[in-house]
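Engineer: Those protein sequence lines, which keep their order, are chains A and B.
Quick note on numbering: the first sequence equals residues 1 to 257 in my numbering.
Quick note on numbering: the second sequence equals residues 258 to 636 in my numbering.
If you're looking for bench data, these hints aren't it; they were derived computationally from the structure.
Just so you know, these numbers come straight off a predicted model, no measurement behind them.
Glycine included, C-beta positions come from ideal geometry on N, C-alpha and C.
Mixed in with the good hints, there may be bad ones.
Claimed, not checked - Pair by pair, the computed Cβ-Cβ distance ranges are:
hint : chain 1 : residue 1 : chain 2 : residue 2 : range
1    : A       : S242      : B       : I571      : 53 to 63 Å
2    : B       : E476      : A       : G96       : 18 to 28 Å
3    : B       : D629      : A       : G133      : 23 to 33 Å
4    : B       : G574      : A       : A195      : 48 to 58 Å
5    : B       : G574      : A       : R26       : 53 to 63 Å
6    : B       : L558      : A       : T39       : 24 to 34 Å
Claimed, not checked - BS3-like, lysine-lysine: derived pairs with alpha carbons at most 30 Å apart:
hint : chain 1 : residue 1 : chain 2 : residue 2
7    : B       : K499      : B       : K272
8    : B       : K264      : B       : K624
9    : B       : K338      : B       : K351
10   : B       : K264      : A       : K98
11   : A       : K98       : B       : K624
12   : B       : K338      : B       : K499
What follows is each chain in one-letter form.
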Amino acid sequence: MRETRLPDTSPAGIDAAATGSAVRVRGVTKSFGAGGSLTQALRGVDLDVPYGELLMLVGPSGCGKTTLISIVAGTLEPSDGEVVVLGEDLVAMRPGRKVRFRRDQVGFVFQSYNLLPALTAVENAAVPLLIAGWRRRRAVEAAADVLERLGLGDRLTRLPGELSGGQQQRVAIARALVHDPRLLICDEPTSALDAENGRITMELISRIAVQPDRAVIVVTHDSRVYSFADRIAAMEDGRIVSVEAAPRATGVERPSA
Amino acid sequence: MLWVAWKMLIGNRVKYLGIVFGVVFAALLIAQQSSIFCGLMSLTISQIRDVEGANIWVMDKNVQFVDDVKPLPDTALYRVKGVPGVAWAVSFYKGIARARLQEGSYEQMILLGLDDATLVGAPGGIFMGSIAGLRSPDAVIMDEAGYRRIWPNEPYRLGRVFEMNDHRAVLVGITKASRTFQSFPIVYTRYSQAIRYAPPERKVLSFVLADAAPGEDPEEVCRKIEAHTGLQAQTRQRFIWKTIRYYLAKTGIPVNFGITVFLGFLVGTAIAGQTFYLFTVENIRQFGALKAMGTSNSTILMMVLAQALQVGVIGYGVGVGLAALFGQAIAGGRSRLSFFMPWQVLAITAAAVFVIVLLASLLSIRKVLVVDPAIVFRG
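Work out the full structure: start from the sequences and follow the hints.
Structural biologist: Printed below as a string of structure tokens:
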């Protein structure tokens, strides 16, 4: 299991970056229900997310953002279309293989953190490693290392209920990165945070999560954080209506893929 | 991940205690009621069990249980002695006598008359006096519980005198004996003395006690006795089970206890199941997150089963422990309740608890297995 790394901006590091798209979606549609209650959540979505990029997916509620990232994450089947993530065809992938794929390759930061309230911060952060079969001691040690890098070295043994919202989200970020995934999906990571904590969270994601061989997709409708994206894909009514470059946040430099 | 499952369970202390309580309640009720039932059943066969030295009981062919005495003619003894394979046979009297105490009150007693020559069937737990004392005129030995019933709060004293059927009885010994179903005092005396204490009847022989000759199979000897004499012959063990089966089949005892046990099972399952389900529902997003992060359904299933098993083990241990404490309290006190907890009660309770936690977790298992990991993306 690779160690969670800070961005490698050396020429060798950039050369070693993965090429091609981490995520390639073509003509994806998704319908729910049938007959008179049929709802078309996605209406032919095309999207590319290269390695080393932070893509923000924005749009009003109900536009299909959550449906799209669920499909990209492999937790939802599309009705039609092609979904290739990290070189793997998710549509053709069998369910058991998909579970292992998520376990090994994908990290999640959820809107409501979804930390286990009975586990300490370091134990929560270690969960992906435990899922992968790591021994508890080794998993906790690796998680402690990540949490220390995220500035929570003095909060390792606190329960989620004893942490602030921003701290809980940092634990969630640590959990998402501890197994060094190649795709990070963040669903509204700042919606439950105030402006300052939201900025800190996005700074962490932008600075630590984005790697030459990792792609990050952030679903948000928090315009305060748009500047942390490389590109912003706007969705409306089940379609991507625009994909534009976004201004980089001040002081955050990342190698281009 | 099992460790994560247990921590999730224990982390919600209120629900955890609620689930454990449900299992404890069921385990306690099942173990306690089953043990009281076993204790009652052991009372019904106590007089067979306490008769040592005789492995074969011969009786009227219509006798259904040990208290269902149908007197035999005296010649039955000699007929049994004449059966090939019988090492020896002696007379045994069993009946109910009414004793008149010195202060004028009356007390029903179980009267056992032992063979004059051999005293086969004498109690093995005598702690005051001796068996040999029975050879004295009018001598009787009484059981400890009976003594305390008749002379409560008085120290043990030999030489006490009372009357049965206008015949004098002198206490020459006190013995430990198994309590009987009727809870009457038990009085041991010689056979010749017993038939004088008993009301006059044409036939007085209750049972013939016998044993198989060395090398002979007791069951085979029983068959020979039946074939030669037309009487009923049972080995000690078979007579014990015949008596128990009678009480099971002909009384409401098993039904009453069975209803209580079943109710305990149902209530325990309901409490544990409902609380466990609530716990799962409260944690459904966490389970969804685990599935989104790549936890397989088989691992999720193992987690829920591990939670159920942990609750089952703890609930079983506490429940059975409390039942055992209850039994200890009864044994140490003056209660007349009988309590007997053989390993079969523990095994049956364990099996019941296993079914309870399995049923309690079924709804939860179904809930977590069908939860869509995509729910964690829906805020």
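Engineer: What hint numbers does the structure not satisfy?
Structural biologist: Hints 2, 7 not satisfied by this model.
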